[in-house]
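Number of protein chains: 2
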Amino acid sequence: MERHVTLAHGNGGRFMRELIETVFAQRLGSGLDTQLDAAPLDLPPGAAVITTDAFTVQPLEFPGGDIGSLAVNGTVNDLAVSGATPLYLTLNAIIEEGLETALLERVVASLAQAAREAGVRVVAGDTKVVPRGQGGGLYLATTGVGVRAAACRLGFSEIRPGDAVLVSGPVGDHGIAVMLAREQFELSGSIVSDCAPVTQLTAPLAKLAGLRFMRDPTRGGLATVAHDIASAAQMCVRLQETQIPVRPGVRAVCKMLGYDPYYLACEGRVVAVAAPEAADEVLRLWRRAGAEAARIGRVVPGRASVVLETEIGGERFLEELEDDPLPRIC
Amino acid sequence: MERHVTLAHGNGGRFMRELIETVFAQRLGSGLDTQLDAAPLDLPPGAAVITTDAFTVQPLEFPGGDIGSLAVNGTVNDLAVSGATPLYLTLNAIIEEGLETALLERVVASLAQAAREAGVRVVAGDTKVVPRGQGGGLYLATTGVGVRAAACRLGFSEIRPGDAVLVSGPVGDHGIAVMLAREQFELSGSIVSDCAPVTQLTAPLAKLAGLRFMRDPTRGGLATVAHDIASAAQMCVRLQETQIPVRPGVRAVCKMLGYDPYYLACEGRVVAVAAPEAADEVLRLWRRAGAEAARIGRVVPGRASVVLETEIGGERFLEELEDDPLPRIC
Chain A
70 MERHVTLAHG
80 NGGRFMRELI
90 ETVFAQRLGS
100 GLDTQLDAAP
110 LDLPPGAAVI
120 TTDAFTVQPL
130 EFPGGDIGSL
140 AVNGTVNDLA
150 VSGATPLYLT
160 LNAIIEEGLE
170 TALLERVVAS
180 LAQAAREAGV
190 RVVAGDTKVV
200 PRGQGGGLYL
210 ATTGVGVRAA
220 ACRLGFSEIR
230 PGDAVLVSGP
240 VGDHGIAVML
250 AREQFELSGS
260 IVSDCAPVTQ
270 LTAPLAKLAG
280 LRFMRDPTRG
290 GLATVAHDIA
300 SAAQMCVRLQ
310 ETQIPVRPGV
320 RAVCKMLGYD
330 PYYLACEGRV
340 VAVAAPEAAD
350 EVLRLWRRAG
360 AEAARIGRVV
370 PGRASVVLET
380 EIGGERFLEE
390 LEDDPLPRIC
Chain B
70 MERHVTLAHG
80 NGGRFMRELI
90 ETVFAQRLGS
100 GLDTQLDAAP
110 LDLPPGAAVI
120 TTDAFTVQPL
130 EFPGGDIGSL
140 AVNGTVNDLA
150 VSGATPLYLT
160 LNAIIEEGLE
170 TALLERVVAS
180 LAQAAREAGV
190 RVVAGDTKVV
200 PRGQGGGLYL
210 ATTGVGVRAA
220 ACRLGFSEIR
230 PGDAVLVSGP
240 VGDHGIAVML
250 AREQFELSGS
260 IVSDCAPVTQ
270 LTAPLAKLAG
280 LRFMRDPTRG
290 GLATVAHDIA
300 SAAQMCVRLQ
310 ETQIPVRPGV
320 RAVCKMLGYD
330 PYYLACEGRV
340 VAVAAPEAAD
350 EVLRLWRRAG
360 AEAARIGRVV
370 PGRASVVLET
380 EIGGERFLEE
390 LEDDPLPRIC
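In the order they appear, the protein sequences are chains A and B. Every number in my numbering is 69 more than the matching position in the first sequence, counting from 1. Every number in my numbering is 69 more than the matching position in the second sequence, counting from 1.
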């Protein structure tokens, strides 16, 4: 293989076949048959669901992950919070001419490892190479298929006044880790992305009565998920600042640079809404899975809005995000 | 809506929600629930298959289509040539900051129209905005799910010596149409992309005994599909130049600019391999569907290679494509 990807690697001919065989197919294993136009999906009984996500993170590698592991976990987690078992992935790679082959190989190896950890098989893929100056090194898009119990009822419409809001762990790690990697601050290294599959958190809740809704707080963070809940349920989400876990390092960087951790992306957390009587069980199951989970608020009747009850006993509205403080973190 | 897409349209907040609601969700219709993390797939009996493709065509609009219709038909056609009925699509849009909103709206409208024509529903999507100078205006990736008869047996392994090779219509239209649009030659307008769903060509063949293999000759064209056949079946594909349909306009441009039409992309054609006794029936069914179909060659024992029997009675090898004469046509 050449040291850098060239336009010829994307033209459907011999170079492209070599790139796909040496970089992608070998690492992604026997699940990927590069000769097929369409790959068979062997689906167990239940209701199939599908989700898709594109990834344009900069830099491509950061403490705790890279665009490859992110592309797996981001899509796997959308399936998991829908109550499904993730099974299959497809992968699109849009490579910018000149990308270092070694970097591409590291990313694909990491992607393959993340897929193994999450229990999903990459069954189809496509590669395009775009000219220098028309890409960001590497963009990935993944589509995931999973299956959930036909009786699974999770969704905004299940949310009731008085329900508890929970989070599976500290928020903002991913956003700050990527930002520090990008800016090459001296601080980097101390904060690591939480990029991981959440299947170990969602699977134990599969049959829990009283679980209403789950979502992974990625782009836009916890505050954006809270807004989605408030807006869809037409209720007020009240969060208690003292209960929301934020790592000291993340809090320190936020203070220094003026970020609000509640708007920063996580890539391995779950926000759940549960009936009050089920909330403790969610916490217990999550903590048993090793998560630093917390009950952080509740859904109450009132105008669709998100209110933060502050440490000093005040209140502030968490407004809907308008301009991203940290773009391109996923 | 603003006249141009900004980075804030990709940050997970209010602007992004507005972009998705006004540009995507309205046109894509009721199939797309933007509130879901994962969309349900209601699959009829049979074997499910999945395929994925990314699209980086330049220019974004060309005679006969645009990146939107291409993104639908390219993925729909991969399902169709696998013997499946295309049912569902997911859509990723990677938008470059500064893209004209009106252009994006035209492309999404065209995409929605192509999806309706092909009988598929767009059920999930994701939008990213990348900074100016790190994209090509708009890149799309689509993933398709379809269902085929559990007994469907199509594939390289079915090909036998003596089988006929057929094509459903003239080759090279798409490649030349896009090239002319890009170069803004005076010739443009006379040649139109063949971009279309091939479901009307593949569906009638669903139960045809003796049909071995189908593929749509996109990137790399007819010659590349012939190579795939030769290489997978370890046989020689012999094509007869006089039988391969090429429109006079395409032939003229190829002659003038030194292109070989057999390597140029089609986006609405099917190459089929069929048992000799089934070949006439394939032609009859395709012609009944309005296609200018032709029997263009056969698969014979011999070294894995592609031989063109020329008009003047000679022979030339069609080598595997190494460097694309026309990059970024899909």
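Just to be clear, a hint being listed does not mean it is correct.
[Unchecked claim] Now the in silico label distances, taken between C-beta atoms and shown as ranges:
| no. | chain 1 | residue 1 | chain 2 | residue 2 | range |
| --- | --- | --- | --- | --- | --- |
| 1 | B | G371 | A | R201 | 36 to 44 Å |
| 2 | B | D102 | A | E384 | 53 to 61 Å |
| 3 | A | P109 | B | G371 | 13 to 21 Å |
| 4 | A | A278 | B | R251 | 57 to 65 Å |
| 5 | A | Q182 | B | T91 | 34 to 42 Å |
| 6 | B | E391 | A | R201 | 18 to 26 Å |
[Stated by the list, open to error] Derived contacts from chain A toward chain B, CB cut-off under 10 Å, selection only:
| no. | residue |
| --- | --- |
| 7 | Q104 |
| 8 | A116 |
| 9 | T196 |
| 10 | G202 |
| 11 | H296 |
| 12 | P345 |
| 13 | A348 |
| 14 | L352 |
| 15 | L390 |
Since the hints were derived computationally from the structure, they do not count as laboratory data. Ideal Cβ positions, reconstructed from N, Cα and C, are used throughout, including at glycine.
Hints versus structure:
1. B:G371 x A:R201: 36 to 44 Å: holds, 42 Å
2. B:D102 x A:E384: 53 to 61 Å: Violated - the Cβ-Cβ distance for D102 (chain B) and E384 (chain A), about 33 Å, lies outside 53 to 61 Å.
3. A:P109 x B:G371: 13 to 21 Å: violated, 31 Å
4. A:A278 x B:R251: 57 to 65 Å: Because 59 Å falls inside the window, the suggested range holds.
5. A:Q182 x B:T91: 34 to 42 Å: holds, 40 Å
6. B:E391 x A:R201: 18 to 26 Å: holds, 20 Å
7. Q104: Holds: closest Cβ of chain B sits about 6 Å from Q104 (chain A), inside 10 Å.
8. A116: holds, 6 Å
9. T196: holds, 8 Å
10. G202: Check passed: Cβ of G202 (chain A) comes within 6 Å of chain B, closer than 10 Å.
11. H296: holds, 9 Å
12. P345: At about 24 Å, which exceeds the 10 Å cut-off, the nearest Cβ of chain B leaves the hint on P345 (chain A) violated.
13. A348: violated, 21 Å
14. L352: Violated, because the Cβ-Cβ distance from L352 (chain A) to chain B comes to roughly 22 Å (cut-off 10 Å).
15. L390: holds, 3 Å
In summary, the numbered hints that this structure violates are 2, 3, 12, 13 and 14.
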